[in-house]
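J.: Modelling step: build the complete structure from the supplied sequences, incorporating the hints.
The primary structure of each chain is shown beneath.
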Amino acid sequence: MKGAWPYVGIAVVTLAMWALLVSVNAFYAGVLASILIWTVATSGLNVIAGLGGYPSLVQGAFYGIGAYASALALIHGQNLWVATLLAVVSAGLAGLLIGLVFARTRGQYFGMGTLFFGVVVALVLTNWTGLTQGPLGLMVPFGFATNDQLDWIVPLSAGASLALVQALGTSRLGLRLVTVRADEDLAEHIGVPTARTKLAGLVISAMIGGFAGMLIAQYNGTISPDLFDQTVGFVMFVAVAVGGAGRVLGPLVGSAFIVGVPDVLNLPSGIGLLVVGVIFVVIVIVVPDGLMGGVDAIRRRLPGFRA
Amino acid sequence: MTVLLRVEGVSKVFGGLRAVDEMDLSVPAGTVFGVIGPNGSGKTTFLGLLSGTHKADGGRITLEGQRIDGLAAHLTVRAGIARTFQTTRLFAGWTLGANLAAAARPGSPPPDDVLALTGLTARTGQVCASLSNAEQRLAMIAVALATRPKLLLLDEPAVGMSPPEAASLSRTIARIRDELGLSVLIVEHNMHLMMNLADRIVAMNAGRKLAEGTPGEIRSNPDVIASYLGT
Amino acid sequence: MLQQALVNGVVLGALFALLGVGLTLVYGVMEVPNFAQAGVVTIGAYIMVTLHQSARWPFYLAVAGGVLAAGAISVATERFAYRYVRTRPLAAPAVALGLLLILDNSALELWGGDHVSLTPPYGAGLVQLGGMTIPAVGVALVLTAAVSMLLLWLLLTRTGIGRAIRAVSQNAEAAATLGIELERQYVTAFFISGVLAGLAAFAYAPTYAVFPYMADGVIFNGFVVVILGGLGNVWGAAVGGILLGLVESLSAVYVSAAYQTVIGFVVLLAVIVLRPAGLFAGTARRVA
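Residue numbers (this note's numbering), protein chains in the order written: chain A, 214 to 520; chain B, -14 to 216; chain C, 650 to 937.
It is worth saying that the hints were derived from the structure and are not from the lab. Note that this is a predicted model, so its numbers are computed, not measured. The beta-carbon is built from N, C-alpha and C at its ideal position, and this holds for glycine as well. Be careful, since some hints might not be right.
[As the list claims (entries may be wrong)] Ranges between beta-carbon positions, derived for each pair:
| # | chain 1 | residue 1 | chain 2 | residue 2 | range |
| --- | --- | --- | --- | --- | --- |
| 1 | A | Ala232 | C | Val904 | 53 to 63 angstroms |
| 2 | A | Ala229 | B | Gly82 | 29 to 39 angstroms |
| 3 | C | Thr826 | A | Ala224 | 53 to 63 angstroms |
| 4 | B | Asp163 | A | Val508 | 44 to 54 angstroms |
| 5 | A | Val508 | C | Arg705 | 51 to 61 angstroms |
[Claimed, not checked] Only part of the chain A face toward chain C is listed, based on derived beta-carbon distances under 10 angstroms:
| # | residue |
| --- | --- |
| 6 | Arg317 |
| 7 | Phe330 |
| 8 | Ala358 |
| 9 | Gln362 |
| 10 | Trp365 |
| 11 | Ala454 |
| 12 | Val455 |
| 13 | Ile492 |
T.: Quick look at the structure:
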């Protein structure tokens, strides 16, 4: 029974998010939908960066590849199923490429390498004007039947991505990723194929990121390269760290903070980003395991609580 | 006796230093083989070459006739060689049971057997960081056994152990040889333990094999004595 | 054409080297990827502009003020933030990004988003050299980088401060047992890195204008340089900087200006894959 509880929890959270999304006004619904789409993208990142402990800064690029691939498929007359498949597959292939190059590198080199790959993708999206119309961006044809469909597809996608990470975490691949995070050298010496494990983790991260890209393209109706540049990849990594790396609900909490706080406070962009910067630094310093880790630490201190 | 591990002309160069220089060795199945030598004689590097931690610059290593030199560490483990480390290395924040589970693969011995053999049955639910030094060193052996090796490499397993703890470790290693039929290659400074436990000993100096023989032969070998006296 | 590209490459490379050396020095002692250095460059540049144009300080005095302020801000990032994540490598990039947001957006709030310029006395001057015409600001950039590197070299090799920093960079624990006070070395490394960021601001603000995100792009090149040279390898970063500058400027002429930065990253990828310890692995301190 213990094994089922996390999924029940995720289902309850998902239902709550759906209820909230359809009951609040348009402004807050927009903020919440952005948070939920970011939750999908950062849940994907949570596989390689959270479970595997690898600082992948390229998630924004997978998100962008998914968005552009799905948009281009729709523009060329394909239906949404094909567009979604293309988004997931092309992002997965990009993940495979990066993984083949970087899966043997460690720690900071991996971070830098993935960051620069993100820069390259952003440059291509900006400069390959024949395909992407450059900085102007693309108008994305709407692939769903009605606008209302998005209201349940977005929270359902967020819930599904959280459940997927929960399932992965208890799978053999998940266990292997966690050994890599804990001590990569030791993992190799107990027989874990670390390079292949990281490659698999990165490809899964990329595919989920690509799916999130399809969602944001549908939700926004327009996409442009600045939505997916290297800063986005970096900020997604920070969202995972703020929420609590490797914790299933971490991406939701982290996205709520990173996307939601500046939007809801509705500060002018300078002050808003300044506040976000202060929040990152303070959270990362004060609660080492992220916000979800902080919740655990508080629960452990409550009298009568037994872990 | 069938040869389990065969090492032929294996070398490793770090910068300009020949840490291991043309080593030859044959380890029969079901024996405890000791590797001794002064500090810096290349023992740990040699062990690292066998475990895939380092890549040899020359020579060949075979396990049951299959070449394993050049294999990555995880493939070496799959081929049947597991190792422990000089400094304790475990997933320290996890329980012992979780450490064993991480090392398990199809055909691995049941965790209970490994725990019984190492005397850690009562510790399975305990976080490794909270175990005593001697228990952590035994836990490393248990984790290595959980990977279902044919050859177990132990790098200074008795470090920091009291004499009774070391004696108990010695009995455990003998049981691993006798009950599981494994070969065990040990690098160890505790000469008393080594002389009583090992079936054969190889003495190294400056990366080379200095002498090989039974504990009695090694003890009386003038070259070995000289190398320890630092001539 | 080729000559001009080479000259541009050296100018660009001198800038990359100035940034890269500061980054790698900090990486060497503390293992943090200090993206916030871009923010230090920006604020340093704004302080120079303000001191020179609003407070009417003489140009070089304003520059000196900006450089020292940059050093102080860099130290502040260590004291108030980085010191708490020293043992947590995964947290360091998040803190670095947070600090960069704070510094850039402080600049935006304090000075607004408009591009302003820092005009040195030699402003639009041109230097004739072997039949080529080089802008004086470019010459100043190269000279600044060369003199800074020379002084840094003397500091690191000829002084007790330098020896202590190098010792910590080799092995912090061992250095501590030798009685080297680690805290002071961290502060010193961040101060030097900040001063180099200030000098970079002085050297390139006249060519590129001053605005809140002026250094965010170029800091990536600084990191390419750090990896080219090998993490923590100061001389590797200096040489790597010039190399990257040349590669980018030549590829802008002969390949494509739009993908100039991509070429730099291709070089980086090649290094990460083929020589993960950097181009000058013999002296690098760490192998991935």
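J.: Cβ-Cβ distance between Ala229 of chain A and Gly82 of chain B: within 29 to 39 angstroms?
T.: 36 angstroms, holds
J.: Does the closest beta carbon of chain C sit nearer than 10 angstroms to the beta carbon of Arg317 of chain A?
T.: Interface hint status for Arg317 of chain A: holds (8 angstroms vs cutoff 10 angstroms).
J.: Should the hint that Phe330 of chain A touches chain C count as held when the rule is a Cβ pair under 10 angstroms?
T.: 8 angstroms, holds
J.: Are Ala454 of chain A and chain C close enough, Cβ to Cβ, to be under 10 angstroms, as the hint says?
T.: 4 angstroms, holds
J.: Would the hint on Ile492 of chain A be counted as holding, given a Cβ-Cβ threshold of 10 angstroms to chain C?
T.: The hint holds - Ile492 of chain A has a Cβ within 10 angstroms of chain C, the shortest such distance being about 8 angstroms.
J.: For the hint 44 to 54 angstroms, verify it against the beta carbon of Asp163 of chain B and that of Val508 of chain A.
T.: This hint holds: roughly 51 angstroms between Cβ atoms.
J.: Interface hint check: Ala358 of chain A, Cβ to nearest Cβ on chain C, cutoff 10 angstroms. Holds or violated?
T.: The hint is violated - Ala358 of chain A has no Cβ within 10 angstroms of chain C, the shortest such distance being about 40 angstroms.
J.: Quick check on a hinted range of 51 to 61 angstroms for Val508 of chain A and Arg705 of chain C, using CB atoms only.
T.: The hinted range 51 to 61 angstroms holds for Val508 of chain A and Arg705 of chain C, with Cβ atoms some 55 angstroms apart.
J.: Could you check if Val455 of chain A really has its C-beta closer than 10 angstroms to a C-beta on chain C?
T.: 7 angstroms, holds
J.: If you check the beta carbons of Ala232 of chain A and Val904 of chain C, does the distance land in 53 to 63 angstroms?
T.: 55 angstroms, holds
J.: Using Cβ atoms only, decide whether Gln362 of chain A comes closer than 10 angstroms to chain C, and label the hint accordingly.
T.: It is violated, given that the least Cβ distance between Gln362 of chain A and chain C is near 35 angstroms, above 10 angstroms.
J.: Tell me if the interface restraint on Trp365 of chain A is satisfied: Cβ within less than 10 angstroms of some Cβ in chain C.
T.: With Cβ-Cβ at 33 angstroms, over 10 angstroms, it is violated.
In summary, the structure is inconsistent with hints 8, 9, 10 from the numbered list given earlier, while agreeing with the others.
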